[in-house]
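Chemist: Chain by chain, the residues:
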Amino acid sequence: MLDALQNAFGNSGWPYAFLVYLAIGWAITRPTGPLFGRFMSMLGWPLEMAQRLAGSTGLPYLFLLPNMLIFGLFTFAPFFINMGFSVTEGQSINFESRDWAGADNLRRLLSETSIDTGMANQEDDKFLSAVASTFVFVIFQVPIMVFFALCTALALNRKIVGRGFWRSVFFYPVMLSPVVVGFLWTLILKRQGVLSLTLLDWGWIDEPVQWLTDPFWTMFWSIFVYTWAHLGFYMLILLAGLQAIPKDLYEAARMDGTSEFRMLRRITLPLLMPTMLVVFVLALIKAFQAFEELYAMNVRWTSLVAYIFETSGLRGQPTANGLGIAATASLLVALVLVVLSLIQIWLSGREARR
Amino acid sequence: MKSTLKLASLPIAALLAGTLSAQANDEISFLCYQDGTECDVIAQMLPAFTAATGHTVAMDIVGYDIIRDQLENQLQSGAAPDVARVTNLGGLNPYYLDLTPYVDTAFWEENYGATLAWMRAAGGTDQGIYGWPTQLTVTGPYVNVSMFEDAGVDMPGDGATWLDWADALTQVRDTLGLTAGLAMDRTAHRVAGPAFSFGAQFFDDAGQPIFVDDGFRSFAETFVEWHRTGLMPAEGWPAGSGTQYRNAAPLFLSGEVAMLMSGSWMINNFATNITDFDWRAVPAPCGPGGCGAMPGGAAIVAFNSTDKPEAAAAFIDFLAQTEQAASFASQTLNIPAHQGLQASGVDYGDASPEVSAALRVFAQNAVTAAQTTPQAYTFQGYAKNFVIYGVVPDYLTRAITGEMTLDEALAAMDADIAAQIAE
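Respectively, the protein sequence lines represent chains X and L.
Heads up, the first sequence stops at 468 in our numbering, and the numbers go up one at a time, no gaps.
Heads up, the second sequence stops at 1735 in our numbering, and the numbers go up one at a time, no gaps.
Hints listed in this document are in silico derivations from the structure and should not be mistaken for laboratory results.
Heads up, a few of these hints could be off.
Said to hold, decoys possible - With a straight-line Cα cutoff of 20 Å, these simulated SDA-like cross-link-like pairs (lysine to any residue) come out:
| id | chain 1 | residue 1 | chain 2 | residue 2 |
| --- | --- | --- | --- | --- |
| 1 | X | Lys304 | X | Phe405 |
| 2 | L | Lys1696 | L | Asn1405 |
| 3 | L | Lys1696 | X | Ala434 |
| 4 | X | Lys304 | L | Leu1490 |
Quantities reported herein were computed from a predicted structural model and do not represent experimental measurements.
Pulled out of the complex, with its shape left as it was, chain L reads as follows (with noise of 0.2 Å):
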């Protein structure tokens, strides 16, 4: 009976052997998108991951097209991936793999803990982990240099207001004969700035939302004045339709305005692809509500659907050690999530001027909006905001194109959000 009992045995505990080893070594699969050289640094990295785990990933790049039209759909559908690199943090929050049981959660409140809220559940009771923070985003414009000079302008200095830079860049396109003098991502996340700094709240004092109120307005005729004298390009936001995204770099990288709002995750995209002009990043402009940025950033989180939770965990957490997040920072030329680096300081190593000045640009606009437009944190942490940034985009350009009045679009705009953000 013994012997039977024995060999029996034997082959569950070859299976078992098995399974251990295959939960050893398990493979994640990694959907990644890069603005820069992001996926590329994590790439490099991940030798040393296997090393320390015996996991392996198999990272996918892809365009963040995908990231932001197809992902959640993947979710839905349990085609996801383990891992992946998302930008909507409060957004996807169904979906994602609590990390708490995995990792040291006094190491991850410590450095990270201003931003793990905006991937938090809505409500304040959510106390979950659920992704590494892989740098803070802060919106920004970024300034053609050498069209300033080429035209004999001078650049407004710190503290300028959106119309002192509107003036200048008019003067600036009308010398050197330019298509425009300012682009804009089409997104309401690269507009919340300069409508903050025209003094829109977005919330009102009970937290909810309310988009058109009397700052957003003022931004809004502002706005559509600028397309009507050409300060703004046509290629912009009124070459796009509905809800649709549109990068604005490709006009900047090309010599045609002297100004992008962008943000800070484009100084390495902009460090390696720029080499006929002097560029620069300039604090965000002011008015009469404050000098506006939106923060933001992309994480890096699990999802819920994965069979590797362990695995998918330890990746994360490999990533999120201050090493690897120095490393990351340095090497993507971001503003690092990491609180503890933040105080301390990332070294940047050879980064030309323009990148060390324009890190410290971003990061001072971070400082600068959290004191004078605290609704762009509030924004950032409003789980609904994707369907918002898209919202906003469809109207105010049918204002632009004259398809309704200004007033009218607003009027739609206010119903339209309420209506997509009800449940």
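Extracted from the complex, chain X is given alone in its bound form (with noise of 0.2 Å):
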């Protein structure tokens, strides 16, 4: 019988092992019922094992088990660790080298006076001055996008030749790396770009614009090309929020003369508007984080990550408290942010109950 099996099986090891494995299962559950069943008790021993001593109600938090642990190393970590510069000062980023800072990066941050040297100090300027340009930003960009993001998903959402092109070209963008977008676009707005030089080329001006240096135009292109990259995506959720509302509610008013314009106003906007929050919401997160783009392009203005970025010494030299005052900033973004998911959360659920 062994050798049969041996020859079976060759000289592999495995199949011993697992004979072994539903051997220790067979002892274990002891099964009962059909043949198919009974194995397949043997096969899940392990499974059957975990239930009984986490319970029925505990066996999914073990499932998740991995997955949290995986997402508590990769999300909570950092934030305990920028915490933990918020709260210490010093150069290097190992806490061993870091001493006990309380809220003196807090002060460093925003007050107007320098803790450590008494001569007024600089960082509160930069950093509400990155808070001031972050808002003009987002005053803008969000409700831009929002308002074209609406525009393209109710035209693609009309039966219009070549939809599933345009949805594409639309949708595109998305799927650039936000550095090959900044370059892309720095290669058109340069003073020597495409667009300087079409417009020296059409007598429009005299001579190539700063796009990119002027404090108005900076702005100006950081909104636009910002929302040229990110509309395709939110134009995707209102395409899907536009396609869940009811047919029947426009064949009924198309029965009772209904302008288009009055199903707009009256049915498709109520009906779009859950979709809408959760899109606006999300818009002004996203454009709250604007980096990489902007970066890339190496636009005029400091946004906040920029500021972030750049005082925590990842860029250039590490200073005596830079990574400290970053991650204090870092934590008052993380706590606005905080402050509108909550919003959005709220909101969602007010939705929902109605």
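Could you use the hints to bring the two separately framed chains together as a complex?
Modeler: Written out as structure tokens, the structure is:
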């Protein structure tokens, strides 16, 4: 018998290990009932054991454990490390070389006078300037993008020629790397770039415009490029929302002779509002975090994330307290994002309860 | 019993032999950046190093940004290479491996004594030997000679001031319709030389940094004015933000400006890549404060986190020997930091007349700067100079773009530097 098995399995050891595994399963579970059911019990004995140990309510958490561990490692660990940086000071990224600072980094970030030198503090000006610039960006970029995403979704929800193609065209920038987007637009917008040269050729301007250096134009193009790069994603969400609106409502309205514009105002927009809300809050959070495209384009204003990136010493020379100040600033930004997320959850819940 | 001991000793002996042979043939990791062909030249020397010592080197050639922006974090997190080519000589001192136990200190002191101090800790008590200064660099301007000829403008001669050059460059720009006349890399390292010429001191008598004085203010006013009038391009300093470094060499290479304020490390690059116009390095322009130029250089250092200190030290010691140092200087067209070679001269082989002339000009810049603006050498040896390199462009740019008045920018610069260098 043993020889026959050995011949059947060759010299590989795993079939024996499998048989031992099944034998342990039989010994533990003592299966009864139909043959297939018994086999499955023997096969799944570790799960049955886990269920017996954890109980039926605890089992889902057991399944979630690997995911939670990985999620915790890559999400919560950096968050707590960041909190650690914000209450310690020093140039090193190793906690053993950092001294306790308490709220000193918050004072370094926001006070008028430097606690280290007694001179005028510059960090509060830089931070508040980044906050102000980011607010300007968010206030213009989010409504403009949501508006155009809505218009595009409405247009592409209609039966137009080449609808699939147009949907791809608008979604295409979303698939591009932010760095590619940045470099692509830099080629267009730099002093000797395509835009300036074209406008010069047409005689619309007399000399090349500093699109990325001029304070007005750098913000304008930041908003434009960021909208161009992200519009497709929000358009897709709105398109899904539009397609979820029951068609019979429109049919009934048409039978009553309702105009297209009135249908838009009375049916489409009200029923799309929950989706619009999600899109608006997501766009708001994303705009607060704007960085990659703007960094690659080398725009002349400093966003909040760029301020944190710069101050932390990730670019250039780490400074005595830069990492702690940057960590404190990032926690303040995180606080704003948490508030926005809570608003989204509350609004979504309110809509669902209706 | 004896036989048992013998038997037991066999594997131990084998293990020791293995360990010893491993020590004799260590592989060290080397992070290298190059302005021209420096890493390529070192790569050609590696077989000779391996033949001489048995050690091998795994070289990784990276962009300068990696060295400038990431190396210190790698050092702090224990993920650093064994050896690297760096420019923040004083700032990285806490991480250096002291090569003193592994090298002939008399040879090093005799040939590199003048530059070894740049890698030592502040205070004057540190006598360690931390790395091989690969070259002595000096800042100074390059001129597009063809443009001056085409414009029919005479080039200012030796001893000309920055204002003389600004006038001449403005004429060239206007005549040829150039984007701008003068470009400069966006870092305080490049403005330091001109600022010294305008009388900036950077340090008080006690050696404490005093960045903004009358000389620096005078330079800053002129610098902002040069941008306002279009003598300097909007693609240079104003296009950068924060502490960002921006290389202005592409503007010179593409023929958009007639002068580039850069340094001796670009000679090889220009000798290789400029084929459509004549270029020349000119003496550092002067001013009321002297004829300022910033000395400096890169060094190949080993880090104390290495687990192969002997191999790392052997590699650096091998490169520092006169034969290798001469070969490196000759092939990379650099001024050697090796004092013996400085005295005897380096045979640059079939270097073009432009290259030979440029090397002479930059060597003279270093001598003139030592005589007329000695604070340049103090600044180079200052351990936190890299912090200042970043802060200055941030505020000068804001003054250029009108985000701040110059007075506000200078006051903010002073306060911010004080905060950034405070322990």
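Chemist: So if I understand the rule, the pair passes when the alpha-carbon distance is 20 Å or less; does X/Lys304 with L/Leu1490 pass?
Modeler: Roughly 16 Å separates the two Cα atoms, so the pair holds.
Chemist: With a cut-off of 20 Å on the C-alpha distance, tell me whether X/Lys304 and X/Phe405 pass.
Modeler: holds, 19 Å
Chemist: Can the restraint linking L/Lys1696 and L/Asn1405 be considered satisfied, given a maximum Cα separation of 20 Å?
Modeler: OK: L/Lys1696 and L/Asn1405 at ~11 Å, within 20 Å.
Chemist: Measure nothing beyond the straight line between the CA atoms of L/Lys1696 and X/Ala434; if it is 20 Å or shorter, mark the hint as holding.
Modeler: OK: L/Lys1696 and X/Ala434 at ~10 Å, within 20 Å.
The earlier numbered hints are all upheld by this structure, with none contradicted.
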